[in-house]
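Take a look at the letters that make up each chain.
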Amino acid sequence: MSNARLSHLRQLEAESIHIFREVVSEFENPVMLYSIGKDSSVLLHLARKAFYPSPIPFPMLHVDTTWKFKEMIEFREKIVKEYGLNLLVHINPDGVERGVGPFTHGSALHTDVMKTEGLKQALDHYKFDAAFGGARRDEEASRAKERIFSFRTDTHRWDPKAQRPELWNTYNARVHPGESIRAFPLSNWTELDIWQYIYLEQIPIVPLYFAAKRPVVERDGMMIMVDDDRMPLEEGETPEMKSVRFRTLGCYPLTGAIESTASDLPEIIQEMLVARTSERQGRLIDKDQSGSMERKKQEGYF
Amino acid sequence: MNQPLDTTNSEINDYLKSQEQKGMLRFITCGSVDDGKSTLIGRLLWDSKMLFEDQLATLASESKRVGTQGGKLDYALLLDGLQAEREQGITIDVAYRFFATDKRKFIVADTPGHEQYTRNMVTGASTADLAVILIDARKGILTQTMRHSFLVSLLGIKNVILAVNKMDLVDYDSNVFNKIVEEYNEFATDLAFENVTPIPLSALAGDNIIAHSENMRWYLGPTLLSHLEDVQVDEDLEDKPFRFPVQWVNRPNLDFRGFSGTISSGSIRVGDGIVEPASGKSSTVKDIVTFDGSLDVAYAGQAITITLNDEIDISRGDTLCALQDRSVTADQFEAKLVWMSNEELLPGRNYILKIGTNSSTARVSALKHKINVNTLEHTAAKTLSLNEIGVCNFALDKAISFDAYCDNRKTGSFILIDRFSNETVGAGVIDFALRRSENIHWQSVDINRKARAEQKGQQPAVLWFTGLSGSGKSTIANQVEKKLHAMGKHTYLLDGDNVRHGLNKDLGFTDADRVENIRRVGETARLMTDAGLITLVSFISPFRSERQMARNLMDDGEFFEVFVDTPLEICEQRDIKGLYAKARAGEIKNFTGIDSDYEVPQNAEIIIEGGKISVEAAADIIIAALTEKGII
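Line by line, the protein sequences are chains A and G. Under the numbering used here, the first residue of the first sequence carries the number 2, and numbering increases by one thereafter. Under the numbering used here, the first residue of the second sequence carries the number 5, and numbering increases by one thereafter.
The set of hints was computed from the structure by calculation and includes no laboratory data. Nothing here was measured: the structure is a model prediction, and the numbers come from that model. It is possible that part of the hints are untrue.
[Claimed, not checked] Have a look at the derived ranges for each label pair, beta carbon to beta carbon:
id, chain 1, residue 1, chain 2, residue 2, range
1, A, ASP155, G, GLY277, 47 to 53 angstroms
2, A, HIS126, G, ALA209, 53 to 59 angstroms
3, G, LYS386, A, HIS126, 45 to 51 angstroms
4, G, ASN556, A, ASP155, 23 to 29 angstroms
[Unchecked claim] Here chain G is said to cover these stretches of chain A; the calculated rule only asks that three of the stretch's residues, wherever they fall, bring their Cβ under 8 angstroms from a Cβ of chain G:
id, region
5, 7-14
6, 43-54
Positions of the beta carbon are idealized from the N, C-alpha and C atoms, including for glycine.
When you get a sec, could you build the whole thing from the sequences and use the hints?
This is the structure in structure tokens:
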């Protein structure tokens, strides 16, 4: 229900804060999934607002696949220090032992082992009963139908056909031991809302979102940044320095750059306004087939 | 990030400034597959540039693969996000879509129109400020139009757009449009709408969506989009009395105690008086705290933290109200209930009722009637099944504060949660408080339960025997009572069959009647423990939920659940009353263990393995347990 006095961003902000407070009030042991991207930056900012003057009353969890951009990890360390966050980093030890990576095992297996499996391991290990995520309903078709309090079984599965009805802003927070919810405070935000809010609130984000000269190679129609020497170059591939930026951030071998000169927030937003492709286009993970995100989510992917 | 601004940059900066003033509107679209609802939403998304090329490419290939438009773009596929829906060509759940213009951001709840999905429409409507009700100009007002309109009105939406679609197929004839509008207005007088705006349009051809149609010069009203941009909703929200459900007590250190929450209605200023109606405690606002600094005044919709000038005991679930205009406090109310579970509503059963941030235990004390969503007729009912709507009286285990839904959609709405499955099984809107409860005061008596029990030289207790028919409950209970009697203890045995001859002879064996059966027996057992007796109850009592209800009526340590765990095969073999044979033959319906469930106890104090030990041995186990607990 809307209020004419509050702008759309202030209404979205208030709704997110409400969700944060509900989860913290109703669950024993919540955690926030911190993926270092722009949505996580906004989520973190809202969490600080929700509980002020108290500190954020839950830890952050980063499921590290060991293939994130170097600048992401640097940014993470800086933010943790600046805000005094309690950050837990989990890397799937089985995956490391088997040497799983996107180049050797393919994107699907890499994501499954290092992200989905890693996440489940961490949730089980710390016995979290609620996990905040930065997913938005405008990102993908199956997300458009996901609840704000999204129930997960004791094996972390999502059953899209048996979701609890969600009315008004009254959330059903009841779970049995071992079961959990994923909570999505940014459900009703769009990509444009996120950028406008980052601009309005001057929220720090990873510099990779801004255009700069970076070494990239073109592969399968995507521009991949050569972030370290683990990337095997194929015949005829030579990294070229191009002015590029990223619309989303993930594992560097799976994240496509776009050519751009947008080096500040207004320019990024201006580019967005004329963009004709969605942000997920730069993600290999969604491309396998339609319905692939729904399947991954059922298995426990965020 | 600190580059000098060029001209384009200052343009974009102006744009960003204007975005900070942009409002938001949440609306719901109602209509069936054939009304062109998906086409309408698809068009709004496309025209406001919320569809991207890669999404369009996916849509094109999906349309060819599973589309229903003969290979042409099938917008429904955009909206049907789940694989099952795309494959079956149906929409099975609520989806939320977003688009924006320069004036407003829009959140669209897209819900299917089929009758069996009342649940989804109610869900989508609960957060909407406005409803777009689609009508196919060729077909006019249908049963489903009335159904959609009733549900929209039930959920308190005051603004409706009557979108008469497919005008291109009736030659843009104003007579067709006018007739539909007239008919609709007549029907809608019974519904609580404040503003119905009819718009003739064609989603497919684009008439009157964004620009005025050349084909309908006779229409002088707003286009769909301009109305969505300009319509005023919830204008009086700030003028309503202040309501602030406390979510979280904010206590970073000993010097700060704040109450965090979102203002449901009204506004609050530093210095204003507030009251918590359940306790009657009041104070004044000391500070309105936010991350961005303290505020002098805050309005409905804002998430804030309030500190008070007095130390009063306030916690999550309480509602801070305006001192001069507080919400109602009561433990009974009448509400309209939408049932959302495959398992039917059982009047008398306890559910968790969550209203705002407050959770309590509640039961339907009377189901007055159900409402047929197609005809709006009232019919008598004993239960509600999935997608049915009933008018019910609710009784809660404690007094809570609330408003009527027509006065306040936030503080007058609730959800019902099943205590065992944790599913959300119902959603309700409150009509009014029932004050009967306040007029019947507890009569205080001088001789209390302690005095009565002491005179008898015993502790009162309830032995609740549960198990299948033929498990041996009554035989064992009878033996226990004989032993207690021999020890000089005062007892009474309530037997299922015997009680059904008298107190409960009006009840049958449906699930709803079984719940009421147990409720009455539970209350009777409580009176007997009050009288100081050791009460033995021998009832099949198949549902966990009702056994818990009986347990909750007694003091801690007074209730002993005795599970007579005799396997079904043995009970059926015994078949002392010949009932299993009749049930198997289909002569008795709803027979526990055959075609009605028995929910096995999970925390019984005493378990008797009925098939394995003798009645005497079973009685000894129970006597030993009572001795150990100091009852005898």
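Hint by hint, here is what the structure shows:
no. : hint                                        : in the structure
1   : ASP155(A) <-> GLY277(G): 47 to 53 angstroms : holds (48 angstroms)
2   : HIS126(A) <-> ALA209(G): 53 to 59 angstroms : holds (58 angstroms)
3   : LYS386(G) <-> HIS126(A): 45 to 51 angstroms : holds (49 angstroms)
4   : ASN556(G) <-> ASP155(A): 23 to 29 angstroms : holds (27 angstroms)
5   : 7-14                                        : holds (count 8)
6   : 43-54                                       : holds (count 6)
In summary, this structure violates none of the numbered hints.
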